[in-house]
Amino acid sequence: MDKIRELKEQFEARLAKTDNLTLLDRVRVEYLGKKGSITALLKGMKNLSNEEKKSFGADVNKLKSYAAKRIDEKVEELRKAEIEREIAEMPQFDITVPANTARGSYHPITLVQRQCENIFKSMGFTVEDYPEVVTDYECFESVNIPKHHPARDMQDTYYLTNGQLLKTQTSAAQNAILRKYGKDLIENGVPIKAIFPGRCFRNEATDASHENTFFQMEGMMVDRDISISNLIFFMKTMLSEVFRRDVKVRLRPGFFPFVEPGFELDINCLICGGEGCSSCKHSGWLELCPCGMIHPNVLREGGIDPDEYTGFAFGLGLTRLAMMEYKIKDIRDLNSGSLKALAQFSDDE
Amino acid sequence: MFLSMNWISDFVDLSGLDKTELIHQFSLSTAEVENEIFFKGSELSGVVVAEIKSVENHPESKKLHLLKVDAGDGQLTDVVCGAPNVRVGMKTAFAKVGAKIGEIEIAPRALAGYTSYGMCCSEAEIGISDDHSGIMEITDDVPCGADLKEIYEIDDIVFEVDNKSLTNRPDLWGHYGIAREFAALAGRPLKPLDVEDLTVFSDLPSVDLKIEDPLCQRYSCLQVENISRSVSPVNMRIRLYYCGMRAINFLADLTNYLMLEMGQPMHAFDSRKVGKIRIKRFDEPFVFKTLDGVDRKVDENTLMICNDNTPVAIAGIMGGLDSEIVGDTTTLTLESATFDAASIRKSTVRLAHRTDASMRYEKSLDPELTVPAIGRFLSLLKKYDSGVKVVSALTDEYAFRYDTVELNFTKAFVDRYTGIEIDNDTIVKTLQSLGFKVTLENDVFDVVVPSWRSTKDVTINADIIEEITRIYGYDNFEIHTTRSPLYPVRPDAVKLSEEKIKDILVKKFNLHELHSYVWAYSDELKDLGIEVEDNVKLANATNPNIETIRNSLIPTQLCQVKTNVGYAPEFGIFEIGRAVTGMTEDNLCVEKKLLAITLYQKTENVKSLYFELRDILAVITGDIKHKLPEFKAKQPTHGYEHPVNLNSIVLDGKEIGTIGIVHPNVGRKIDKKACIVFAELDVQAFAEAETAPIIYEEPSKFPPIDYDISVVIPKGVLFSDMAKCWANEGKGILKSAKIVDSYDTDMFHSETVRFEFSSNERTLSSVEVQEIMDAVINNLKEIDVRLR
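These protein sequences, in sequence, are chains W and V.
Residue 11 is where the first sequence starts when you use the working numbering, and the numbers rise one by one after that.
Residue 110 is where the second sequence starts when you use the working numbering, and the numbers rise one by one after that.
Rather than coming from a laboratory, the hints here were simulated on the basis of the structure.
If you're wondering where the values come from, they're calculated on a predicted model, not measured in any experiment.
Careful: at least some of the hints might be erroneous.
[Claimed, not checked] Below, a list of computed lysine-lysine pairs in the DSSO-like style, where the Cα atoms sit at most 27 angstroms apart:
1) W:K350 <-> V:K609
2) V:K763 <-> V:K743
3) V:K273 <-> W:K246
Use the sequences and the hints to build the structure in full.
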């Protein structure tokens, strides 16, 4: 019995000195393990009488469960202390230090172009890609601008030494698109609905509002009964989406060889809402995009019978739109390659 | 072009209508009107006719005169006047006390010691010409006291039409054509022009005339003599002035007036200089003095009006100085002609001389106009100079006639094109108001296009649609969406890849998208020591710096890096743009859409920057195509490429791009303390590569086994060489091999490779893994890679 008491006192002292879980594990092994001191007590029972064995054994077992309980309590205690210590040791961060906002950027044309493309994609238009170097046929002949047509004078063209040219207008893609989708239109009745954004070139001197390299987006729709009424509807819908508000549009007759009738489309000034301001030269209107019903010659040249099908086409200056959207004053900033100017456009809607 | 509402009102009664609103409608239905409308005369009041009764010199001023004038109010008014042309008995414009001229209100005013009770005015002060050399001279027949605005057409509404918007409308280059539009818009009749009958002169001798060149379509002329008038009537001068022309003399003014009225340019020759009119071109270039006194070089393509063999005018552009009407001209020959539009246009470009006449001829004028224009001229001439005498028959050679344009279409055609209902009656009335002859039977319209619209403007049915709808008014259109059937839209593969690439580069790698020009900037490249490589060129570049089309985007990007040094110690830029990389057999440009990426970092560790770019390319192909590119060492072909670490980017065995480090020669010129690496990828080729399917692999329920080996790798052995050593040894349970550590000493390069084994069927035994690893280690030994 003395041995038991002695061992219990020794255990208590030892436990009191134990201040971490690793040591506590060692204590558990030392006392309760197979070779532990409490277990060892039982081994010394051989010499005892049966009666004594019974009572001694019961006392040892009592001590054993007591020790186990004490150790569990100690574990709990130490864990608690550890968590408290961890909390106490956590430093207070200065969350007000400037954030790392390093990020990439899109070219503003990409953003505006995507906006426009998404609007038309949502209405079932395909988005077409077209080269920048084209032939005279693609850029002029096929869209009803034969040689010596005055419209050619209006567009100062960059010709290449091999006789090709840098496209002056996205209309250069019209013929190819009509041919690409015409078969499906004629055989299966699938309407042609396409937009074709692209870079265009004009041989002219540059200044804050003139560039020799700029982006346009052209679109067209051809089907059996496409009408002027449809054209106005689409223009109004598109521009309302582009400017995210209900825009007023008006059409005036305009002369473009590839459409008939042709229109200049104005929208009510976004700055003054139509009251008249310096941006719209006090007219309340902004001339925004040329459009019209596709000229029968253009359809015919694209392999589509103008007696069977009609269509509308429109052009939109993406560069101009980007300048309006982001209030860019100098058009040359767009091709300047300057990150100071161009790294500001991260928003991708 | 400026237009006078008074002039238009000569031909259509617009009384009771809001003129400003009509002009606005004109802008929406016909041609663009500039924003500012001028209300002429609105700032003028109280100016009357007065007679100068006496003139005294001012005692102290050489310039000033003391006048007494009779302004019709029964008294003489004292006026101090500085004009040099004052004289007794002269009638002039007099602004009484209380009159308003612009912002000035006339009040009694002391001038050099005398009080002036009013002001005698010049034409410039009244705003009816730019003549301010003296006070206005008014003819004797006008009574004193009459309000100037009541005797002259000073009040007018003048607006300007954008010439560009009249490009395809030859009929709108005169007031009469414009009046036709206003008549159609207002629904009021157009009055016929007052034209003199020229057939009565058919007994007189003809002018000796011969068109010897097909570029002259029609030439009409008439000889007139006994012209006594030299100064044009005031109202005529006012109209000319309001429309932007200066009054010169009666005859010149009248030809200009006719041009502004009917759109038909006219010219008056001294008959002594044009006895034998021939229209032709010359075989050799020569110098010709036009009536503005300028010597102009005329070439063999320019059509000339000649007196036999002596040129007297550049056809359709300008008359010659020698044949101009002069003081002693008694007989004049009046020309009214039509010439080939394209020829006139090209001649003006060659001569660099555009005139009011040539501007009109360029638009393809109606040849039917020439004779009525002479008739109208004669009618006005007689009205203002009653003694004139016609001395020749109307001589008219009509060499080229346009075909009459007849069109027919159905109501259904109109409905289909417009998408709205415009009734038959409206269609007929609209077309008739514009001068078309229309017959309608069973919903079929037969239309004859008037000559003034059929030189090029209205030729097909779609043109008729424009006529109907513009007058109907686009604002009045009911708008609706299409009834077209719906089909799925297939996105373009290139476009799709392009957008995904942009997103990855911007969102994942913080790169910046820039744009650049399609030509090589030779000056900037020279500064970087980069040679502009030979390629197709601009044939008509105005700036030799941009002559050559680029064959790669990388040199351009290196210029951009140079531009942005100092923006940040580290940045990456990219562009998806075009270059011409060669020519086809047919000598057409091979245009490529390329992705270029350049990374710049102020660092000495070029390897990490290079691998950053390598990883970007791997992520692009991995994300979009679900597979990784291979890299193969290549030899430099451009001066800006570092000869070491230049690799082809290979996808599915096809070379689709290049990754490399900038050659130190170029790099130093950009930034000595930075590293620059670049990559270029053919977007089209990339887009065409197949996207690998995603093959789902069930996660194993059995524990994996990792097996690490550390190996010493001799120089020249690549990881891809080592990978071959285990490629065929895995028995389906080797899942991956990754570098988990690498270690370099002066003596060797070492890497620790972790092999991961797992199976979906069973718990792997260490024995089978060991067998595989033994084989791998054996294979590695064969390429001299040994365990450390």
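Okay, the hints, checked on the actual structure:
1. W:K350 <-> V:K609: Holds - the C-alpha atoms of K609 of chain V and K350 of chain W are around 25 angstroms apart, at most 27 angstroms.
2. V:K763 <-> V:K743: 14 angstroms, holds
3. V:K273 <-> W:K246: The hint holds at about 25 angstroms.
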